[in-house]
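Asks: Okay, here's what each chain looks like letter by letter:
Number of protein chains: 2
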Amino acid sequence: MTFNPFSLIIITLCVHQQDTLNTLKTNNLNNISILGLGLIGGSLALALDSAENPVIRTGWSRSQSTRDFAKDNNVVDIVCQTPEQAVTSADMVVLAGPISSFAGQMKQIADFLPQNCIVTDVGSTKSEIHKWAKKHLPNHARFVGSHPMAGSEQQGIEFARADLFEGAFCFVTPSDDSDPAAVELVKQVWKKLNMRVIEISPQKHDQTVAMISHLPHVIASSLVNISDLEQIIYCGKGFLDTTRIASGPENVWRDILMTNPTNVARSIDKMIKSLSVLRDQLKAKNGDEIEKMLADARIKRNELVELKLQRKELPE
Amino acid sequence: MTFNPFSLIIITLCVHQQDTLNTLKTNNLNNISILGLGLIGGSLALALDSAENPVIRTGWSRSQSTRDFAKDNNVVDIVCQTPEQAVTSADMVVLAGPISSFAGQMKQIADFLPQNCIVTDVGSTKSEIHKWAKKHLPNHARFVGSHPMAGSEQQGIEFARADLFEGAFCFVTPSDDSDPAAVELVKQVWKKLNMRVIEISPQKHDQTVAMISHLPHVIASSLVNISDLEQIIYCGKGFLDTTRIASGPENVWRDILMTNPTNVARSIDKMIKSLSVLRDQLKAKNGDEIEKMLADARIKRNELVELKLQRKELPE
Numbered sequence: 015m016t017f018n019p020f021s022l023i024i025i026t027l028c029v030h031q032q033d034t035l036n037t038l039k040t041n042n043l044n045n046i047s048i049l050g051l052g053l054i055g056g057s058l059a060l061a062l063d064s065a066e067n068p069v070i071r072t073g074w075s076r077s078q079s080t081r082d083f084a085k086d087n088n089v090v091d092i093v094c095q096t097p098e099q100a101v102t103s104a105d106m107v108v109l110a111g112p113i114s115s116f117a118g119q120m121k122q123i124a125d126f127l128p129q130n131c132i133v134t135d136v137g138s139t140k141s142e143i144h145k146w147a148k149k150h151l152p153n154h155a156r157f158v159g160s161h162p163m164a165g166s167e168q169q170g171i172e173f174a175r176a177d178l179f180e181g182a183f184c185f186v187t188p189s190d191d192s193d194p195a196a197v198e199l200v201k202q203v204w205k206k207l208n209m210r211v212i213e214i215s216p217q218k219h220d221q222t223v224a225m226i227s228h229l230p231h232v233i234a235s236s237l238v239n240i241s242d243l244e245q246i247i248y249c250g251k252g253f254l255d256t257t258r259i260a261s262g263p264e265n266v267w268r269d270i271l272m273t274n275p276t277n278v279a280r281s282i283d284k285m286i287k288s289l290s291v292l293r294d295q296l297k298a299k300n301g302d303e304i305e306k307m308l309a310d311a312r313i314k315r316n317e318l319v320e321l322k323l324q325r326k327e328l329p330e
Numbered sequence: 015m016t017f018n019p020f021s022l023i024i025i026t027l028c029v030h031q032q033d034t035l036n037t038l039k040t041n042n043l044n045n046i047s048i049l050g051l052g053l054i055g056g057s058l059a060l061a062l063d064s065a066e067n068p069v070i071r072t073g074w075s076r077s078q079s080t081r082d083f084a085k086d087n088n089v090v091d092i093v094c095q096t097p098e099q100a101v102t103s104a105d106m107v108v109l110a111g112p113i114s115s116f117a118g119q120m121k122q123i124a125d126f127l128p129q130n131c132i133v134t135d136v137g138s139t140k141s142e143i144h145k146w147a148k149k150h151l152p153n154h155a156r157f158v159g160s161h162p163m164a165g166s167e168q169q170g171i172e173f174a175r176a177d178l179f180e181g182a183f184c185f186v187t188p189s190d191d192s193d194p195a196a197v198e199l200v201k202q203v204w205k206k207l208n209m210r211v212i213e214i215s216p217q218k219h220d221q222t223v224a225m226i227s228h229l230p231h232v233i234a235s236s237l238v239n240i241s242d243l244e245q246i247i248y249c250g251k252g253f254l255d256t257t258r259i260a261s262g263p264e265n266v267w268r269d270i271l272m273t274n275p276t277n278v279a280r281s282i283d284k285m286i287k288s289l290s291v292l293r294d295q296l297k298a299k300n301g302d303e304i305e306k307m308l309a310d311a312r313i314k315r316n317e318l319v320e321l322k323l324q325r326k327e328l329p330e
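Chains as they are written, first to last, in the numbering used here: chain A, 15 to 330; chain B, 15 to 330.
Just chain A, with the same shape it has in the complex:
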């Protein structure tokens, strides 16, 4: 029998995954409760469901039809009627509904959380959510923020899929008073779903996503709003790509922008300044300056794409 180097890789991967699972077990992470079973919550439940994985998945959704779907399709192991019921046996609770529901849900579950239960969330902003956790969760609960950067324009449990998180970034945001063991466990859960986990403070997180995600959304929406349908019917792929994210759900984006207003406003101001400079150069007919700005952007974006290709974060 000849030696096949690939078997070694496969064995190493399996051992690695088994290690993670054993760590979860050792740390008594036996029951994960997911509040909110939409695209993200549902996908998390499906991703956690693996033969080697002994975690019991408990779930609750505000909507009866979602609860029925979750039950009928075994999205979770146990479907509960209330958030309170859903958390009573949890070792970890994941808030996976809209951000605007989090403060209320924290109050609702506060008295029902088991001792030392870990609480995390999947919200796209973090500072405000950390403040709510500090205010509404009991002292014994261990809160650590999460932001898995996965999703799509589709919403709802019927679009949930086990591979949604595969290869994507997940921010984990401990605050100064987060329990290090809880931070470690939250990171392990996302790593188990093959996410690229980044530990970052809630404040730094909100600054970063304001620039890489919230500002682009605001720009895409503004660009669509100021255009005439009469003109844009002639648009090509450029306009459609630049505005693609404007097709996202407004209620989700309202929550995001309203919980990160200072950073988003600051990013908008930077954008306005950059556009003003370009407009002034145009009016002054400074072709060389304009070409330099365009070249800077091309070079920087190509560096970004090159880096992402090297790290295998993009298809070749």
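Bear in mind the hints are in silico, worked out from the structure with no lab data behind them.
Wrong hints could be hidden among the right ones.
A pair counts as met if it fits within one copy or between any two copies, since identical chains are not told apart.
Think about it this way: if two alpha-carbon atoms lie no more than 30 Å apart in a straight line, the pair counts; the simulated DSS-like pairs of lysine-lysine are [claimed, not checked]:
id, residue 1, residue 2
1, Lys205, Lys251
2, Lys287, Lys251
3, Lys149, Lys299
4, Lys251, Lys201
5, Lys297, Lys145
Mind docking chain B on chain A? Use the hints.
Replies: Same frame as chain A, now just chain B:
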């Protein structure tokens, strides 16, 4: 033998194409000269090359290596050493180089254009180019602007392909003194390449593309320029899509912006105003207003996509 309805469709299509070709022949369009053999010029030459098509394709490029490539790969029928040589037998001349070369080339070929020769171009702006044509071309030459909305981030004759124009929009921009027969012939040439031809004034064209193409480019470049590479390494598909066009060649885009400065500056001002309103609503915590803006954009963009799907301008 049973009747196959598809044969009728195929016969109709062939007859239609033969009609167009016959019209070109009837109108003595036997020699088309292309000045500039990059992605667009080269693709035009390849697209014009069809067995049923008797048009002689003459070409010139500033670069020796491009002329060699064109000769070795039969991109055109005749490769010339100078623009003057290339136009002496032309029934139609197509300026397909960078916009900044057009004024000089018009002066250069002015005395060598055959009587009543049609001149068109493929530039992404139109008003300035019409002014140059009026100033530099002889009175007998018949100028009509064109703007085939096709292309890619790739540049150069080696990326030229016969199907580049297939299904895309082509603006044809007669001015008040354009010869109607020349306008008709220019439209026929682009239609023959299966383009969706839109007749529009040069001024209206430049307003339209400022909004659907030039402003999005400026926005994409600004967004990249104001971001930190440290932050954007964590970006997802949203940021990459929104900024994709910023990877376009700066020399081409310099020419475009510098020949449409008033409309682009006006579009930038509209964008700045829209972003300022959104920032102020954010600061005032007007969640309802923000959600409305986001909803307006989502609905309008979805209408646009729906319309484009209906018209089969997008893959299903």
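Asks: Against the structure shown, which of the earlier numbered hints fail to hold, in ascending order?
Replies: Failing hints: none at all.
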